[in-house]
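A.B. asks: Read off the chains here:
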Amino acid sequence: MTERLSTGSKVGAALAAPVGWLATIIDAPLKLWQRLTGLGGMAAFFLAPNMLIFGVFVLAPFVINFFYSTTSGAAFFLADRTYVGAAQYSRLLDCGSYLDPSSCREDLFWNAVHNTFWFVTLQVALLIVVSMITALILNREIVGRSFWRAVFFFPVLLSPVVVGLIWKWILQRQGLLNSVALQFGFEPTEWLTDRFWAFAASITVSVWAHMGFFTLILLAGLQAIPRDLYEAAEMDGTKPGRVFWRITLPLLMPNLLVVLILALIRAVQIFDEVYVLTGGGPGTSTLFITQYIYEVGFASLLRNPGLAAAASILMGAVLVVLTLIQLQIGRRGEKKGARE
Amino acid sequence: MKTRLGLIGALTASLMATSAFAGDVRIMWYSDGVEGDVIKDILDRFQKDNPDIKITLDNVSYKVVQEQLPIQLEAGQGPDIARVTNIKELANHWLDLRPLVSDAKYWEDNFGATLDWMRPDGSDAITGFMTQLTLTGGFANKTLFEQAGVDLPGETATWDEWVEASDKVAKSQSTAAAIAIDRSGHRISGPNVSYGANYIAADGMPAKVDDGVKAFGAKLVQWVGEGKMLKETWVAAAGSTYRAAADDFINAQVPFYYSGSWQVANLSAKIGDNFDWVAVGSPCGTAGCSGLKGGAALVGIKYTKNAADVAKVMEYLSREDIVKEFSERTLFLPAHKGVVDKGGMNWASQDKHVGPALDAFVKSAGQTLPASDALPAWKWASAYYGALVTRISQVMAGEMTLDSAWARIDQDVADKVAQAK
Chain S
74 MTERLSTGSK VGAALAAPVG WLATIIDAPL KLWQRLTGLG GMAAFFLAPN
124 MLIFGVFVLA PFVINFFYST TSGAAFFLAD RTYVGAAQYS RLLDCGSYLD
174 PSSCREDLFW NAVHNTFWFV TLQVALLIVV SMITALILNR EIVGRSFWRA
224 VFFFPVLLSP VVVGLIWKWI LQRQGLLNSV ALQFGFEPTE WLTDRFWAFA
274 ASITVSVWAH MGFFTLILLA GLQAIPRDLY EAAEMDGTKP GRVFWRITLP
324 LLMPNLLVVL ILALIRAVQI FDEVYVLTGG GPGTSTLFIT QYIYEVGFAS
374 LLRNPGLAAA ASILMGAVLV VLTLIQLQIG RRGEKKGARE
Chain U
403 MKTRLGLIGA LTASLMATSA FAGDVRIMWY SDGVEGDVIK DILDRFQKDN
453 PDIKITLDNV SYKVVQEQLP IQLEAGQGPD IARVTNIKEL ANHWLDLRPL
503 VSDAKYWEDN FGATLDWMRP DGSDAITGFM TQLTLTGGFA NKTLFEQAGV
553 DLPGETATWD EWVEASDKVA KSQSTAAAIA IDRSGHRISG PNVSYGANYI
603 AADGMPAKVD DGVKAFGAKL VQWVGEGKML KETWVAAAGS TYRAAADDFI
653 NAQVPFYYSG SWQVANLSAK IGDNFDWVAV GSPCGTAGCS GLKGGAALVG
703 IKYTKNAADV AKVMEYLSRE DIVKEFSERT LFLPAHKGVV DKGGMNWASQ
753 DKHVGPALDA FVKSAGQTLP ASDALPAWKW ASAYYGALVT RISQVMAGEM
803 TLDSAWARID QDVADKVAQA K
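Protein sequence lines, in the order shown, are assigned to chains S and U.
Numbering follows my numbering, in which position 103 of the first sequence is assigned residue number 176; successive positions increment by one, without gaps.
Numbering follows my numbering, in which position 127 of the second sequence is assigned residue number 529; successive positions increment by one, without gaps.
Since the hints were derived computationally from the structure, they do not count as laboratory data.
Possibly wrong hints are sitting among the right ones.
[To be verified] Covered stretches of chain U (in silico footprint by chain S; criterion: 3 or more residues with CB under 8 Å from a CB of chain S, positions within the stretch not fixed):
# : stretch
1 : 472-484
2 : 630-641
3 : 779-792
4 : 800-811
[Said to hold, decoys possible] Taking lysine-lysine pairs in the BS3-like style, the calculated list, with each CA pair at most 30 Å apart, reads:
#  : chain 1 : residue 1 : chain 2 : residue 2
5  : S       : 241       : U       : 621
6  : U       : 465       : S       : 241
7  : U       : 726       : U       : 490
8  : U       : 781       : S       : 241
9  : U       : 573       : S       : 241
10 : U       : 616       : U       : 726
Every value quoted in this text rests on a predicted model; they were computed, and no experiment measured them.
Backbone N, C-alpha and C fix where the C-beta goes; we use that ideal spot for every residue, glycine too.
Could you put the whole structure together from the sequences, leaning on the hints where they help?
C.D. replies: If you want it as structure tokens, here you go:
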């Protein structure tokens, strides 16, 4: 045992030695840097690697994308593209009425905007309700609770393309659902070629794919609520509905707000599973903004990267607003927590 | 230190380059049928005789060629050789082989009729050759027609007659629909021309949607509405996304399928003895019975680092004996004049349906109309095709009227032209 420890110590010392040498080497320059720039300079020094990565992989692409949105043509390099100022934005925003996509110059974009708006509204509402109900059930002492938690979380682990393909096999004309319906004497339904059903399928599949993640967040929130509050309510003879509205919901509100904002951001970005499931059809019924950007920028027979970039900047602006709301809510929660 | 930096720079540059090593030739290839195996076999033989050239054959999906290759090309990247169908639109990216090949006259004599399809307007460049000539046309499930007791419409039958006959079969045999057409603007352009359409204005620029386009477009919408044309192929997608309906024909879900000659090998391989099928050419409209010619070309990419080696590979693959072998084994119609003139093609198939099907397409090739023949070499064809698919499928889905669709198609095409300027 003693010998083992001794060997371990030797290995540890051998491994630590280079770190020590490195520390000795950089100690003097760091001290000099601190003396010259103060504590703020040290913070900047240690933040620099992260800021560099952020700058290269987030900020620079964003700036380049913005410049793309002010150009036209199919050329790839910015230098080869024609500067058109805000023409791409004007084209996107040129509408008789924003409520009527057919009155817009770029009607497909506005179809996508309308579809995305309704998708976000309905999907997020349904997602929160379903996740909430599931979390409440999984928080109870039910048989096989761990198993059910795994079952509901499993779709989160699947690739969106796999999710789309699985549901396509279920919902297509000769898919599983119609085959079962036929067995029971029902007429097959056009799940993916009828505008209403295709949109409903997009929402349902998306909720199925993502609810596990949000259920987990809500479940964590539920388990953080002190049990004695429920015991007190039970002793007072409070009805379950009242317990939910007066205890569970208020105390779960911080988690619910996080879920709401994250779900909103994810819903605005919806693309892969719906693209595989419906291809954006029937017509443009399930064409969402991200697919529009992809089609215009990459997939159409004649690409228009400038228009796609402008659409992505507008979409980015919406996401920034949502993120700011999330940050604001987070800060408010922190302040409230600090006061309490 | 300088040496180290230099080494790192050289390594980075070599990693970034597509084919940085002399002798490397990378080919991007897609397959509709068995041609991937055939070309591999042929290239293996070339490789044995030319050990100094290392060929890498990347078999990719058609979607990659359609969507990713153009972006690579715009970035000055890409393979050294590619098999492509969007040959006119991307012609600025093709390598001019004229100064590299040993006998440019051989290329002009044998591929002259299609060289214009794959080079910029006004250029005399030799950029590659058609690996196959294709022609759009229909296929009928003969067994289903016989079981339904419906005669196959004759050679001059119209689209309406074909749909009517197929509908009788569909009702009798409980198939999903009477007909299916690939979701592609290229596919409906032959029929459009058969109804009098001409996409090209007198100045060579796109013409406004005319009565021919409107006539056949309205029929498509009507057939989908009546459940006669398979809805999901066209409706269950947005934009100009390509969707083939071959699997529905192969699974006997439709008695009539309109696609093209490149499907012969695919149908032969997948249908086998399950049912009898025949190629029937293009049904007639008011102006004729036109299909649309086209095909896939093998082109050199001008960003290659090994132009001389690319030319060697292209010269080998364009040899008369190689083209003949490739065509016979893939069941593709050859584009090589010498091969066509000599005839005597020995199609490598035991399938009794294949020979007559290819003969039917050869016969049908003589019926294409001038407005159709002009499209493969027309720069704006892709713009027209994309707009047609996008808007007509929106009408089919009930999102807009036909009149709105025609106006939108004109606008979409005008936007594409303006964008390209």
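A.B. asks: The structure should be examined with respect to each hint, and the outcome stated for every one.
C.D. replies: Here's how the hints hold up against the structure:
1. 472-484: holds (count 5)
2. 630-641: The restraint on the stretch 630-641 of chain U holds, since 7 of its residues have a Cβ under 8 Å from chain S and three suffice.
3. 779-792: It holds, with 5 qualifying residues against the three required.
4. 800-811: This one holds; 5 residues, not fewer than the three required, reach chain S with a Cβ under 8 Å.
5. S:241 <-> U:621: holds (29 Å)
6. U:465 <-> S:241: holds (19 Å)
7. U:726 <-> U:490: Status holds; Cα separation ~25 Å.
8. U:781 <-> S:241: violated (37 Å)
9. U:573 <-> S:241: Holds, at about 27 Å.
10. U:616 <-> U:726: Given pair residue 616 (chain U), residue 726 (chain U) is violated - Cα atoms ~41 Å apart, limit 30 Å.
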